[in-house]
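Put together the whole structure using the sequences plus the hints.
Per the numbering used here, residue 6 is the first one in the sequence shown, and the count goes up by one each step.
Hints are computed from structural coordinates only; laboratory data are not their basis.
Mixed in with the good hints, there may be bad ones.
[Claimed, not checked] DSBU-like mimics (lysine-lysine), calculated; alpha carbons at most 35 Å apart, straight line: (1) K329 to K539; (2) K98 to K290; (3) K423 to K258; (4) K290 to K539.
Remember, it's a predicted structure, so these values are computed and weren't measured experimentally.
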Amino acid sequence: MSGFFRRISSKVYLSPSVPSYYSMTSTSVANSLDLDKKVDIEHAEHSTTLEGAQVHVNSSKKAKGKDEALEILGDSSNPIHITPEQDRAILRKIDLWLMPVICMVYFLQQLDKSSLSYTSVFNIQADTHLHGSQYSWLGSIVYVAQLIWQPVSSYLILRMPVAKYLFVNVFLWGVVVACFSAATNFGGLLASRFLLGIFEATVAPCFITVTQMWWRRREQTLRLAIWFAANGVTGMVGSLLAWGLGHIDGALKPYQTIFLFVGLLTVALSPIVWFILPDSPTKAKFLSHEEKIIAVERLRANNMGTETKVWKWNHVLELVLDVKSYLWFAMLFLCALPSGGIGTFGPLIIKGFGFNQFQTLLFNIPFAALQVIITIFSALLSTKLKLKWPVLFGLTLPAIAGASALLVLGRGPELKNKLLGCYYVLSVFTGLQPMLYAWGSQNTAGHTKKLCVTGLMFIAQCTGNIVGPLLYTVEEAPFYRRGLIANLICWIALSVLVLFTAVYLTLLNKRHAARRHRLGKAAVIVDTSLETAKDSARIQLQNEESEIREGADPSALNGQAFDDLTDSQNEDFIYVL
Numbered sequence: 006m007s008g009f010f011r012r013i014s015s016k017v018y019l020s021p022s023v024p025s026y027y028s029m030t031s032t033s034v035a036n037s038l039d040l041d042k043k044v045d046i047e048h049a050e051h052s053t054t055l056e057g058a059q060v061h062v063n064s065s066k067k068a069k070g071k072d073e074a075l076e077i078l079g080d081s082s083n084p085i086h087i088t089p090e091q092d093r094a095i096l097r098k099i100d101l102w103l104m105p106v107i108c109m110v111y112f113l114q115q116l117d118k119s120s121l122s123y124t125s126v127f128n129i130q131a132d133t134h135l136h137g138s139q140y141s142w143l144g145s146i147v148y149v150a151q152l153i154w155q156p157v158s159s160y161l162i163l164r165m166p167v168a169k170y171l172f173v174n175v176f177l178w179g180v181v182v183a184c185f186s187a188a189t190n191f192g193g194l195l196a197s198r199f200l201l202g203i204f205e206a207t208v209a210p211c212f213i214t215v216t217q218m219w220w221r222r223r224e225q226t227l228r229l230a231i232w233f234a235a236n237g238v239t240g241m242v243g244s245l246l247a248w249g250l251g252h253i254d255g256a257l258k259p260y261q262t263i264f265l266f267v268g269l270l271t272v273a274l275s276p277i278v279w280f281i282l283p284d285s286p287t288k289a290k291f292l293s294h295e296e297k298i299i300a301v302e303r304l305r306a307n308n309m310g311t312e313t314k315v316w317k318w319n320h321v322l323e324l325v326l327d328v329k330s331y332l333w334f335a336m337l338f339l340c341a342l343p344s345g346g347i348g349t350f351g352p353l354i355i356k357g358f359g360f361n362q363f364q365t366l367l368f369n370i371p372f373a374a375l376q377v378i379i380t381i382f383s384a385l386l387s388t389k390l391k392l393k394w395p396v397l398f399g400l401t402l403p404a405i406a407g408a409s410a411l412l413v414l415g416r417g418p419e420l421k422n423k424l425l426g427c428y429y430v431l432s433v434f435t436g437l438q439p440m441l442y443a444w445g446s447q448n449t450a451g452h453t454k455k456l457c458v459t460g461l462m463f464i465a466q467c468t469g470n471i472v473g474p475l476l477y478t479v480e481e482a483p484f485y486r487r488g489l490i491a492n493l494i495c496w497i498a499l500s501v502l503v504l505f506t507a508v509y510l511t512l513l514n515k516r517h518a519a520r521r522h523r524l525g526k527a528a529v530i531v532d533t534s535l536e537t538a539k540d541s542a543r544i545q546l547q548n549e550e551s552e553i554r555e556g557a558d559p560s561a562l563n564g565q566a567f568d569d570l571t572d573s574q575n576e577d578f579i580y581v582l
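Shown next as structure tokens:
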């Protein structure tokens, strides 16, 4: 390897002829930014790297349909050398700036959406004259609206600034929830919940898009799990809020007080999204120009790009013909159906064990706490293993056991503690949804295709959440047998599909390896996007050595990362099992 190194200023640098994802010092950022002297630069920005070197980067010329990251990288397909220390520093800054806002919005979304379940223990059914399946429809109608609006929302996410579009929706759904307090019958509640679904339809797709454009694949699973875990935080905080607000003796009924409070809270906090959350790494005001370069370059190994505003119909066609699309849809549906039912009827299920309304709210807190623990732990385990399927398969087993126990056990005061324990065991299923979203999103490339796959998964989630509450009815209390049987079937089917998907992704990786070999590249390369910053430097060198042994140009490795190619089009894309 000595032929590929050169010594400058008593420090070792990788030669530009053998680019690596990482090098030994930060001045290599500057050295590599001006690699392509042949590019016609219409307007150049003059800036300084961390060590004072001068760089010139094309900031105005955009290739139509190419990733917006090239605006920062200067249309160069060659990797830019950054150090592990720079990588960690940028990651820390991104986490501290973005994650609090994302978690806050997801917390507010879940709080506003689940406020209906909190009011259920304060007799909203009687106060608003609900009967039959009307309460179930109030749970489902949110997802009907999301299902209808999702295709429009996915298109708007691509065409509009992501953060600004999100702010408008957060503000409007806060207003809608506050207006719930004025609804006194089924019609008013149904219309309000429908509007809530319209405005909340953008949240999960927006945040999955944001996660893909800011973090490496190794980092995405944990970040996605953290903001999904806000659901559990909502369960704890929401139960305590409902417990406190339910004790207020005033002119408003308990359900009106709860709706008014959580709605106005969302309205008050929504401006944070506008002022803090950036639309993309290239537009982040909290990063300097050099930091933007590092933030974008560190994503190269993902082979997923960051963002483009051009809608590509060939990506949509590939989605339709891709077997994976139907696997993601089926698995999300099987996960969401039980989630929708338990999310709407969870407090009523606990109440059916023999607890009063205030005990029910308090006993819902451990369930929510377990959700946070399970979601974070499963993400950490998946990151450690660099695999998704074993964790997903393992999460289905306690859910199957818990549902089976609730079906077998009877009901009565002497069994309520056992029933509550089984219900807590069943809570493990809450770790499935974020893991499935991470699995699907990390195995998709091409900006239009990514948005469509996210939209497809979200449609599956909405469909499951529509059907789930309808399988539970208040007339079946306290057993809710039909709903629990449906949940059990879903989790068994999901476990089988997880195994099938793992086998299919393995075959796709072998297909890409054969394609690389036919193109004169190294057939076997290691996915550095799943490695730590320190290990990525070493493994990238090994990948480059493999390319050299095959007589290939090592600089071409991951050279198509920002060409907005799909996972199928890019032979360097490696599927995550």
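Please work out if K98 and K290 have their alpha carbons no farther apart than 35 Å. holds (12 Å)
Between K423 and K258, is the straight-line Cα distance small enough, at 35 Å or below? Satisfied, since the Cα-Cα distance of roughly 34 Å is no more than 35 Å.
Holds or violated: K290 and K539, Cα atoms, limit 35 Å. holds (28 Å)
Assess, step by step, whether the Cα of K329 is no farther than 35 Å from the Cα of K539, and give holds or violated. holds (32 Å)
Checked against the numbered hints listed earlier, the structure breaks none of them; every hint is satisfied.
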